[in-house]
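Asks: From first to last, the protein sequence lines stand for chains F and A. Under my numbering, the first residue of the first sequence is numbered 1, with each subsequent residue one higher. Under my numbering, the first residue of the second sequence is numbered 1001, with each subsequent residue one higher.
One or more hints might be untrue.
Computed list of lysine-lysine pairs in DSS-like fashion (alpha-carbon distance at most 27 Å, straight line) [said to hold, decoys possible]:
#1 F:K61 with A:K1305
#2 A:K1305 with F:K73
#3 A:K1173 with F:K61
Listed next, with one range per pair, are the computed distances between beta-carbon atoms [what the hints assert, rightly or not]:
#4 A:P1073 with F:H116: 44 to 50 Å
#5 A:G1278 with F:T218: 51 to 57 Å
#6 F:G246 with A:G1090: 29 to 35 Å
#7 A:Q1324 with F:H116: 18 to 24 Å
#8 F:D359 with A:G1090: 47 to 53 Å
#9 F:R163 with A:P1073: 22 to 28 Å
#10 F:P220 with A:P1088: 32 to 38 Å
#11 F:G135 with A:G1090: 37 to 43 Å
Since the hints were made in silico from the structure, they are not lab data. Positions of the beta carbon are idealized from the N, C-alpha and C atoms, including for glycine.
Take a look at the letters that make up each chain.
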Amino acid sequence: MSGGVDSSTVAAMLHRDGKNIVGMTMQLWNQRRLPELVPDGPTGRCCSLDDVYDARYVAEKLGIPYYVVNFEKRFEQQVVKPFIDEYLAGRTPIPCTLCNNHIKFDQFLEMAAGVHADYVATGHYAQIDYHEASGRYRMKRAVDSAKDQTYFLFGLTQQQLSRTLFPLGGMTKPQVRELARELNVPIYSKPDSQEICFVPNGDYAAFIDSYFKEQGITPPQATGEIVSEQGTVLGEHSGVHHYTVGQRKGLGIAAKEPLYVIATEPATQRVIVGSGDSLLRTNMAVKDVNWISVAPITAPVRATVRIRNKHLPAPATVMPTSDPARVEVRFDEPQRAITPGQGAVMYDGDVVLGGGWID
Amino acid sequence: MLTGQFGNASSIHHFGQTAKQKLESARRDLAALLQCHPTEIVWTSGGTESNNLAIFGIVGEGQHVVTTAIEHPAVLEPCSRLDVTVVPVGASCIVDPDDVRKAIRPGKTALVSVMHVNNETGVIQPLDEIAKVAHAAGALLHVDGVQAVGKIAVDATVADLYSVSGHKLYAPKGIGALYVRKGVKLQPRTFGGHQERDRRPGTENVAGAVALGRAARMIFDQGLPSPELRDRLERGVLERVPFASVNCAGSPRVPNTSNIRFEGIEGEPMVIALDLKGFAVSSGAACSSGAVEPSHVLTAMGLSKEDARSCLRISLGRSNTEAQVDALIEATAQAAHHLHRLAPVHV
């Protein structure tokens, strides 16, 4: 229970259905840290006292037991630090997926088992079913395509899926809000949260700089050159972690045509920029693939592949390699800004075949 | 008190006088329990205020304070705003008076603040020796006695200032007291009245004080608890759970508190599993959201954060029975074995 409408409604639905439930909020990040990032104080954000207050209020209204559980240490080790490392390595990470893989559907499932809970129900927008013929739990896109969160859930294993419930997967967000109101969930009109929960205002570069300062770590050499694809030096920058593939704003370079970040090279501290056309790629390698609805592939398969959360899955051929956790993807049409570090999720229609990390 | 005798104890009229009489009667009852004079008792809102009042009321500009690593945050945090030396402890959870002596800077140290009983382990501190060390160097001794009153015999006059919290001895939350030895110059922290002999201006919480006085009298009349139930609990848990051990078992402890380590498992799900069965126990310290943080007391004693997370604190009350303790042993053993089976290798 994050204190938001979705998980609150899940609690209210299960309670309405007579399930024996326990509400829990994960404390993931101490919002008192890095105070310079939030001059007005750490209110109104994920893991803030305001959200815990809301979750506790919903639990009280429902009359269910409620606890806040502390996963701060593991969140820092398995989400925040890898998030920073990825940026410094010139990639663009997705902390929400790391959190799902290592915290929400791992440590939290352990906590649930520890208190004899059979299932964990969350407010994620995705659907799970059990497919008799293959003997596998399958994941499908949510009915509400705008809210669908399968892009962030590609790491879930069969074991995790067998103990997970997504009661909102078959509903649209307006339906959820309506149901929340009907079930007297007191916060039914609370706005949706948007940003990465521990990064204020989406300014991840400022977060990384502040985190290093807090830890007393000297950031790796900060400055470097911005170069064209031909190697011409066009300007200077203050650290590769300030740039992500496809980025256009904030380059500080005057040019005839719009310039985009094509790649970042941590080894040379260079940021390579070029025209929009240079962002187009047809092939990519995907590592650490987790297969969900099908067994690991042994022959090329046709799929639609999503390379960003807001990306429309594009038709492609997915080819196995000698490494079973690695695939090569060849898109039918070139795709813009294929970004190392982001997830690649493969679909067959609404069914999530599996996913991995763009290498 | 709240409906019939609601007068302001500072008023001249008879409503006020009745309230004043009740307030002073309660003061006498608490003084009797603490073995001090009633005029040495200052009512406060609780242990935190008592500690803050003692520390900031004594330690002036340019002066130094000595405290210990196992104190409650209500002592550690006020001290951290001053020039402070924090004395470490070992695995016994007993403060060594010689360490206190070394930490004192004669002429500069105005106050030594040491708890009577540690709230997490129940270990009793050697106050007589610490008082000698402090006084020999010209410093005053403040004792946070929140966890001692009602559990062991207390003579507040061992110290110069002694903090009491009402809800730790069956009075409601929101009332506490500070013993201030006659002659000790205490600077008030609030201004705007002459209540409590100028030591704590502000209208007194008469209902709370009366309840605390009543609680003190109850303890005075009923006597102190014995360790039988606590020993039964520890014996039972150790018999049933081979990977359990009692922290500070060899140190002098209050008779109602037990801190048990369950090696390799997390205390947090234990607390929740037991709460769902109706047993209220704790692990570590609750942060502002209500989540559990590793105990600073156990880490100060040398436990790793992981080991500190695997500890459970169980406190027994005057009304607990053998049957309840036996049910708690059973539930604790079940939860411990269940979590032990689930425990991943990373713990």
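Asks: If a hint holds in the structure, say so; if it does not, say that too.
Replies: So, going through the hints one by one against the coordinates:
no.	hint	in the structure
1	F:K61 with A:K1305	violated, 35 Å
2	A:K1305 with F:K73	holds, 10 Å
3	A:K1173 with F:K61	holds, 25 Å
4	A:P1073 with F:H116: 44 to 50 Å	violated, 33 Å
5	A:G1278 with F:T218: 51 to 57 Å	holds, 53 Å
6	F:G246 with A:G1090: 29 to 35 Å	violated, 57 Å
7	A:Q1324 with F:H116: 18 to 24 Å	holds, 21 Å
8	F:D359 with A:G1090: 47 to 53 Å	holds, 51 Å
9	F:R163 with A:P1073: 22 to 28 Å	violated, 38 Å
10	F:P220 with A:P1088: 32 to 38 Å	holds, 37 Å
11	F:G135 with A:G1090: 37 to 43 Å	violated, 57 Å
Violated hints for the displayed structure, listed by number in ascending order: 1, 4, 6, 9 and 11.
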